[in-house]
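Trainee: Make the full structure from the sequences, and use the hints.
full-length UniProt numbering puts the sequence shown at residues 1 to 411.
Keep in mind that the hints were calculated from the coordinates and are not lab data.
Warning: the hint list may mix true and false statements.
To be verified - Quick list of in silico lysine to aspartate or glutamate cross-link-like pairs, EDC-like style, CA-CA up to 20 angstroms:
no. : residue 1 : residue 2
1   : 167       : 141
2   : 34        : 91
3   : 314       : 267
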Amino acid sequence: MDVVRCSSSLLQRLSIDDLPECLLIEILTRLPLKSIFQCKCVSRRWCSLISTPSFAYIVHKLRSSSILQRPSTLLISHYIDGVRQVLMTSEEPEFKSLTSSINQYYINSRSVSLDIVHASCHDLLLCTQKELKMFSAVVCDVVYYVLNPITRQSITLPPLRRPSNAKIGFIFRRCHDQQQFSYRVMCIPKFECESTEFKVYIFSSDTGKWSESIVSCPPGFHFTDYAHSYAGVPYQGLLFWWSLDGHLVGFDPYTSKCRRVIYKPEDFAPNHRIQRLGVCNGALRICQLAVAGPPYADDGLLVWELKDHDKECKWSLEHKVYFNQMGAENPGLTECLKHISIESLLGYHPYDRDVVYLILATMVVSLNLRRKTVEMVSDFQRPSPFYKAVNVFDFVLPCWPTPIPSSPLKE
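Mentor: The structure is reproduced here in structure tokens:
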């Protein structure tokens, strides 16, 4: 009995803070991501422990094998009557709080409304406070913010004087040890004619400054004005856009050079433009809408995927589907596909190679191109007849939130 009383007395004096650090790490690293960040409020010791790069490395190592199971969504940012609306295509609980939290951030001890998302890379977003007129050539000072809506960490970039219709790209690199990280923002002012070189502005997180460079490109290169091509697509360390002739061009903002030119598929229809450039399951994808005209039942969708290997690089036609082949539990959706023109594809599912998203009338719908089914995702109010200017980005919940490195310059 004495032994039992002694043990009980000892347990009463112990607290979880008495646990050795190695055991505490074993417990915390196995919690859900949201719970881990809530635990930072328990004590200074826990906050300090969770904030260390080594803790992030352990979490990433434990969970990196489940990359295809990570929650992911499309983030759809648009304006309705002057008010920004954010939609997410995923019903995962991890994203429900993000929709409401993207709006307000405290930057330099003041509340800031980040009105528009311009680019994304994994779980980081590039935003501005003001909506930029996409087709306006007016030159203005633009202040960008890099933020992580999961941790609510953000940083203000120095102002950049640029025309509103410039193209923008955002990319980051992480070292193999997952503890060092840097990012670049690439801004390309519009140029009116074909050119073999053009001016770009690049922000480096390593220097905290914008720099101006001249980039060489293939002869006859000319950016398309199509609204969806304004955000560069991060792929294999490069930012990709497509030109008027349908070819893809990859720029390296770390070296200010054009590194890759990928020619369009041989069976690419010359009378139809690229509708969406994106990445699905780690592979680059493009698509075309084959529009036959009213009553639209014979319209179709073609999706190509880049088979990018060390020795060869070629396009593979993954899907060719006509909308009159699609079915839905709701007969109204099937009828909409037959009688309403699909003007544009919103994006690809980040991991499911059979699923794409598009706007149909006043709905965001998902198409499973293998099963030939259509499902409603959410209601969608068109901001204007020019709703193609809606900003759509992939957002993937990582093993561990990406930290935003502080600028070496004071804000």
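Trainee: Each hint should be assessed against the structure and marked as holding or not.
Mentor: Each hint, compared with the structure:
A C-alpha spacing of about 15 angstroms is found between residue 167 and residue 141, which places the hinted pair at or below 20 angstroms, so the restraint holds. Between residue 34 and residue 91, the direct Cα distance comes to roughly 16 angstroms. Compliance with the 20 angstroms bound is thereby established for this hinted pair. A C-alpha spacing of about 12 angstroms is found between residue 314 and residue 267, which places the hinted pair at or below 20 angstroms, so the restraint holds.
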